[in-house]
Structures are given as C-alpha cells and as structure tokens.
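Peer 1: If you want the building blocks of each chain, they are given just below.
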Amino acid sequence: MAELLSSDPQHTAGLVSGGFSEAAFEAFLSQRAALLGRQEPAWLQAMRREAWQAFLEMDFPSRQDEEWQRTDIRLLRLERFGFPQPPPSGSQTPPALLAAGVALAGSCVHLNGWPLRWHLEPQWQRQGVLFGPLDQLLLEHEATLRPWFYSRALQARADKFAALHAAGWSAGTVLYVPPGVVVDQPLHTLSALGGGTDLGHQLVVLGEGARATLLAETAATAGDANAPGLHSGAVELLVGPRATLRYVNLQDWGRGVWHFAHHKALVEREGRLQWTIGALGGRLAKVNQHVALVGEGAEAEVNGVMFTEGRQQLAYHTLQHHEKPRCKSDLLYKGALQDRSRLVWRGMIHVDPGAVKTHAYQRNDNLMLSQTARVDSIPGLEILADDVVCTHGATTGNVDESLIFYACSRGLTRREAVRMIVSGFFQQVFDRIPIESVREALGQAIGRRVREYT
Amino acid sequence: MSDTLKIINLHVAVDDKPILRGVDLTIRRGEVHALMGPNGSGKSTLGFAIMGHPGYRVTEGRVELNGQDLLAMEPHERARAGLFMAFQRPVAIPGVKLADFLRHAASNIRRPDRKEGEELIPMREFRKELYAKMDQLRMDRDFARRYVNDGFSGGEMKRAEILQMAILRPKFAILDETDSGLDVDAVRLASQSIAEIGGAEMGILIITHHDKLLEHNQPHYTHVMLGGRIVETAGPGMARSGPELAAELHRHGYDRIRAAYPEAAADEQAMQRASGRAEAAAV
Ligand SMILES: Nc1ncnc2c1ncn2[C@@H]1O[C@H](COP(=O)(O)OP(=O)(O)OP(=O)(O)O)[C@@H](O)[C@H]1O
Ligand SMILES: [Mg+2]
Numbered sequence: 001m002a003e004l005l006s007s008d009p010q011h012t013a014g015l016v017s018g019g020f021s022e023a024a025f026e027a028f029l030s031q032r033a034a035l036l037g038r039q040e041p042a043w044l045q046a047m048r049r050e051a052w053q054a055f056l057e058m059d060f061p062s063r064q065d066e067e068w069q070r071t072d073i074r075l076l077r078l079e080r081f082g083f084p085q086p087p088p089s090g091s092q093t094p095p096a097l098l099a100a101g102v103a104l105a106g107s108c109v110h111l112n113g114w115p116l117r118w119h120l121e122p123q124w125q126r127q128g129v130l131f132g133p134l135d136q137l138l139l140e141h142e143a144t145l146r147p148w149f150y151s152r153a154l155q156a157r158a159d160k161f162a163a164l165h166a167a168g169w170s171a172g173t174v175l176y177v178p179p180g181v182v183v184d185q186p187l188h189t190l191s192a193l194g195g196g197t198d199l200g201h202q203l204v205v206l207g208e209g210a211r212a213t214l215l216a217e218t219a220a221t222a223g224d225a226n227a228p229g230l231h232s233g234a235v236e237l238l239v240g241p242r243a244t245l246r247y248v249n250l251q252d253w254g255r256g257v258w259h260f261a262h263h264k265a266l267v268e269r270e271g272r273l274q275w276t277i278g279a280l281g282g283r284l285a286k287v288n289q290h291v292a293l294v295g296e297g298a299e300a301e302v303n304g305v306m307f308t309e310g311r312q313q314l315a316y317h318t319l320q321h322h323e324k325p326r327c328k329s330d331l332l333y334k335g336a337l338q339d340r341s342r343l344v345w346r347g348m349i350h351v352d353p354g355a356v357k358t359h360a361y362q363r364n365d366n367l368m369l370s371q372t373a374r375v376d377s378i379p380g381l382e383i384l385a386d387d388v389v390c391t392h393g394a395t396t397g398n399v400d401e402s403l404i405f406y407a408c409s410r411g412l413t414r415r416e417a418v419r420m421i422v423s424g425f426f427q428q429v430f431d432r433i434p435i436e437s438v439r440e441a442l443g444q445a446i447g448r449r450v451r452e453y454t
Numbered sequence: 001m002s003d004t005l006k007i008i009n010l011h012v013a014v015d016d017k018p019i020l021r022g023v024d025l026t027i028r029r030g031e032v033h034a035l036m037g038p039n040g041s042g043k044s045t046l047g048f049a050i051m052g053h054p055g056y057r058v059t060e061g062r063v064e065l066n067g068q069d070l071l072a073m074e075p076h077e078r079a080r081a082g083l084f085m086a087f088q089r090p091v092a093i094p095g096v097k098l099a100d101f102l103r104h105a106a107s108n109i110r111r112p113d114r115k116e117g118e119e120l121i122p123m124r125e126f127r128k129e130l131y132a133k134m135d136q137l138r139m140d141r142d143f144a145r146r147y148v149n150d151g152f153s154g155g156e157m158k159r160a161e162i163l164q165m166a167i168l169r170p171k172f173a174i175l176d177e178t179d180s181g182l183d184v185d186a187v188r189l190a191s192q193s194i195a196e197i198g199g200a201e202m203g204i205l206i207i208t209h210h211d212k213l214l215e216h217n218q219p220h221y222t223h224v225m226l227g228g229r230i231v232e233t234a235g236p237g238m239a240r241s242g243p244e245l246a247a248e249l250h251r252h253g254y255d256r257i258r259a260a261y262p263e264a265a266a267d268e269q270a271m272q273r274a275s276g277r278a279e280a281a282a283v
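Residue numbers (our numbering), protein chains in the order written: chain A, 1 to 454; chain L, 1 to 283.
In short, the hints are calculated from the structure, not lab data.
Facing chain A, a subset of chain L residues (Cβ under 7 Å, in silico): (1) MET51; (2) HIS53; (3) ALA79; (4) ARG80; (5) MET85; (6) ILE93; (7) GLY95; (8) VAL96; (9) ALA105; (10) ASN108; (11) ILE109.
Quantities reported herein were computed from a predicted structural model and do not represent experimental measurements.
The beta carbon of each residue, even a glycine, is placed where N, CA and C say it ideally should be.
Turn these sequences into a full structure, and let the hints steer you where they fit.
Peer 2: Here it is as structure tokens:
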C-alpha cells in the first residue's frame, strides 16, 4: 500500500485515466490485486463483472424518466472521469468538522477514493468490533461480512450510477458491531476528494442489541473546492433487532462534484435508527435515501439539513417503507436556498398491506433566500394498510422582512439578522440531533454560507 | 449639552399614501413625553419612521440625534446610536432563543463598532445580568430559553419588550402601547420598571391610550396626534401640564380635539378612506 501511495503525482488527477472503458476496468481490477496484496475472492470479482456489464448495457438516465425529471445531468461527461487513482504522497486531508472536540472510538480517512489511515481503539477490537476500509476488511473478515455486503439493502441495477458503483467500488468504510456490544463513543469517517473519482461504499452492521454512532462526512481537499469530481456512492445500514444506530452523513463535497448515491437502511424488530443528513456540497446531487422498517416495532427518525447556493442542484428522494406492523418513522427535512440554486425533495411514505398500527410522519420546510432560487417539494403517501397514522406536510417561504427589521432595531446588522433567522429556521431539526459536534458543524457551515438577503 | 432627539417637519408615506404630515417633536434625555391620539392617527408610523423601517418612507423633514442625521443611518446603526422602540406588536423569531438574541443585541449596542462574528459578551456574565433583570420584572427565567416571542401571550411579549429595553439601556426609547395587553398588576410593575430604568437616563416617548403607564412616569409633555400631525401639546410653561391633558383625553376622548382642529380632522377622514380603499382592494 505504501508503494501505491507514493506513486507519481503526475498520474493522479483522475481525469487522465481514460474514462470508464473496458481497458480501464481491467486495469482497475489488477491494480486492486496489487493494492490488497491478493486477488479479491471469486464471488466478489464475479459481482464486479456482472455490475460492469450492467453499467455498459444501461442507458444514461433520461429526463423522461420520472425519477430524473428534476435532475439535469446533461452537462455530465462521464468519460472525463475514471476509476479512483491513488492520491499524491503527502496529500493533506481537510479537518474533520463532525469530530471536533469529540473523543472517538475510531476513525477512518479516505482521500480521492483511497483509504489513507484508520484506527480503532483496542478496547473495541477486543470486543469483536470491526472498523476500517471496507475492501481490506471484507477480505480479512469474509465470513463475518460477506452475508451482509450487498445482501438485501442495495441493487446494482438501480440505475447506471449504481451499476458503476457496484463494479468499481473501492475503499469506503465498514463498521460491524457484534450482538450486544455497546460502543459508547462515536466513530468517524471522512472522505475527501480533490478532483477525480470517489466510489466509496459504506456498510454498517449492528448485531442484535448492539449500539453505535457513526459520523460520516465528505469534503473537498484544500485548494480544490471547485475541482471537477465524481462520487457514485452507496450506503447500507443494517440495524439488527433491538439495536440502536445513530448515523450522520454530512455531504460537503467541493462545488465541482457530481454526487450520486443510493442510501438504504434496514431496521429489524424493535431496532432504532436515527439518521441525519446534511446536504451542503456538490455541484449536483441525486441521492436516494431509503429507510425500510422490516421488523415489528422498528423505529426510524430521519433528519435532513439542506443548504444550496450558487448554481448548486441538489435532489434528495426519500422513502419511508413500512413493511411490518407497529413501526414508526418520522422524517423532517429543512432546506434553505440562496442565489440561483435548486433543491428538490421528493418524499414517499409507503405502508405495505398488513403493516397495521404504523405511525409515519413526513415534513419538509424550505426557506428561500433569493428570488432566483427554485425549490420542488413533493410529499407522497401510498398506504395499503388499515389502522395507520400518517401525516405529511411541506412549506416554502421567504425570510419575513418584519423579522429582519425587528432584529435590526435591536442593533443586529441586516446580515446578522438574516443569519439568526435562518439558524432559527433550522433549530427545529437541530433540536432533534443529540450530538453537539454535529449541531455545531451544521450550524456553523450554514452560518458561513448565508450572505446578504435582498 | 444633554442628549436631544429632534424631529423636524417629518412627512412619512406608506406606499404612496401620506401618513405623517409634518411632525415636530423634541425630546431631551431625562424627559418623559406622552403621545396620544385616536387609532390610525399615525403614532406607530412615527415610531417606525424614527427607527428606520424600510416600509415607511420619509418624504420630507429631518430626524436628528444630537445634531446627527438619523435618517441617513440604517436601523441597526440607529439602535447602536442609542435608539430603542418597544413594538406595539412584537414579532416572533422561531428557533432563536431570547437569551441568544439579546446577547447579540447587547454586544452590538455596547460596542457599536462591533463587526459580525466578533466576540460576544461572555455567556455567563450575560446570563447573570439577564436573570437579575428578569427577576426584577418578575419574569420566569424560562423565558430566556424560549424562542423570541414565539407562543408568548400578549402580556408576556410586552414584558419581554421592557426586558429588552432594560438590557439595552437606550438613550431614547419609544414605547408603543407597551401597556396594552398587560394585566393590572403588570402595568403597575411595567410602569415602575420603566421609571427605574429611565429616570434621568433616558428620553422616553410613551405612546398610549391609557393613563396607567403614566402613573409612575408623569409626562413632562403630552402630545396629541390627529391626522398625521401633532395638534396640541401640554407641558411646562403652557396652559396645562402634561398629566392634565393626558387625564382629560383619557376621560373625555378626542371630540374637543377634532372640533378645535378641523383641518387635521379632515386629514384623519381622508386617511381612513385611503386605508379603507386599500383594504377593499386587498379583499
Ligand atoms: N404598513 C402599513 N401599510 C399600510 N398602511 C399602513 C401601514 N402602517 C400604517 N398604515 C396606515 O397609516 C395610518 C396610521 O397608522 P398607525 O399604525 O401609525 O396608527 P396609530 O396611531 O399607531 O394607531 P393605533 O392607535 O391603532 O395603534 C393608518 O391609516 C394605517 O392604516
Ligand atoms: Mg399604533
């Protein structure tokens, strides 16, 4: 590994790797064997090759496709990107926002789609917790991890980007917590991109009664805030019976990054998931966030904090899927839009036949900070069971001038007043986030972004 | 020289509708002025215009603080120069805790050249001060953690306005119907607190329809507004004292005033027709 990391920086931009051609794919596979010191197992290679075929066969998503109607990827030139390339040696990663002042059980850092460093406190190693780069740990702990990896959560053929991910995924983070183990300090993973491609995959498995908190964040490396980049990612969260997972995903890619991802969680009987998404970065994002409550009495709380500016286009499609009786899901997404940015939230609650005594809530509020921004907020319900309580709602509004004046009359500048009103707008969702470093990081990131409101 | 707030021939329009038609008023630090007048006569408009609300356009006249042109200043600069207005209808700011809001406000007003992002008054120091003032006003300390005016009752909002004034210690305060919505005990308490905070320290303009707030704040001057103008003033060296005129208006209403100032009464009617039309158009 050390060898690869010290490779020639001239070849590391990721832009010059010949796109996603057959030859590039074969080169990628043999490079992996070198990186890992052995061949990936046959089942994994077969999986990659099958997904690669799917990628070649599948059409580029079209605007006729309902799913892609509001996501404009006409300017994406996939051939300008290629499989992840090792970063130049001595590369710096940006500071981790979510980990500031937090005592961590473990951490894992990736750069340009390659694992750089990771550690897990010995105390947790002794209890059988696994944490680190997925590709490496999947080989070392095949018997433990294989049953979960790409098992029920994700489909390689969901779309062309999902297929690309399944074929070429590399690095990414895995967290496995054995049944009954309670990891009482958060784990942290950072993926930084300075241009090029990241095909990171996250796999989180909590055994029965286990507990853990994983803070995941993405960022641009210093000086590369606008470098063109591609991230096609996947997240699978498998929350066992009576297990509790807190998962935070702060997306703060650079402004040149095309961000595609499928995130899916399965929550088993009486399991609990608290999932917070911060959507701040990227040039364009198309993310599917899917929570499936697959065991009786499972619960999920989903929080979304979105802020767009410039010409960013972020689309988050959420699905709360109630498969079993007596489950509860509660989703709150809040967004603020500045400049000419565009935000799409499309939410669905789906209640299967027989999923009686479901409680499902879904709400999206948006605040317009400019007249030229555009938001589409589309809630939806599909309820096929009786005896359920489901509510949904969506609001969109401007910053109220009378509030600004009130604050200014108390000595706040207009900008300070707007910042305060915007942070107040997000407070309702911050109130649901129990981790202070997460509230702080999101609050500060948003505060920095708010400019003059006219 | 004592601080002086001077309003000279002030004309103010909302949209294109003239509201104030030449208001003259001078308030010195240490003085209490009462401003009375029928609904819609322009009292709140005067407050908003002095404070710099962008919806209230000054078409003529001047407002000066110690000779400094207030009209050239942004609202936050006016506040930092020592101006305060307690709103007739305070607005709620959801998600912003009253304590945080006031800590920002106080930090700015005590250090008028403070730039955004610069240090605030230390949290512990400020909280101590805030709690002391809340105790004085017999406000539950829980309000510090509640969101600004969000879900406050009418009276609670008015108390919170007085609390803000007590913390910000302005040179000049406009209290726009701070007594309305308060229960009998609360009015007495508010009245006392205003006197305590104010004393010789502030110049106060009390806009009111009642005389309770004036109990502990005997007005040196009482002004009557009608049709966007101050038509009558009572005070030292004049036919009647401030409290006498306030008491008369409170007891007998504005019939005498309308009869004595027919031109202003005609303007009042015109204003009412104009807002009636605007309302009809809005329906
Ligand atoms: N923002 C506004 N938009 C439209 N008309 C306004 C606005 N503010 C004031 N006006 C009009 O200006 C006139 C004076 O209103 P103002 O609120 O100053 O009266 P006031 O003397 O404070 O009355 P009150 O005793 O009822 O509080 C009224 O006719 C009112 O309708
Ligand atoms: Mg009024």
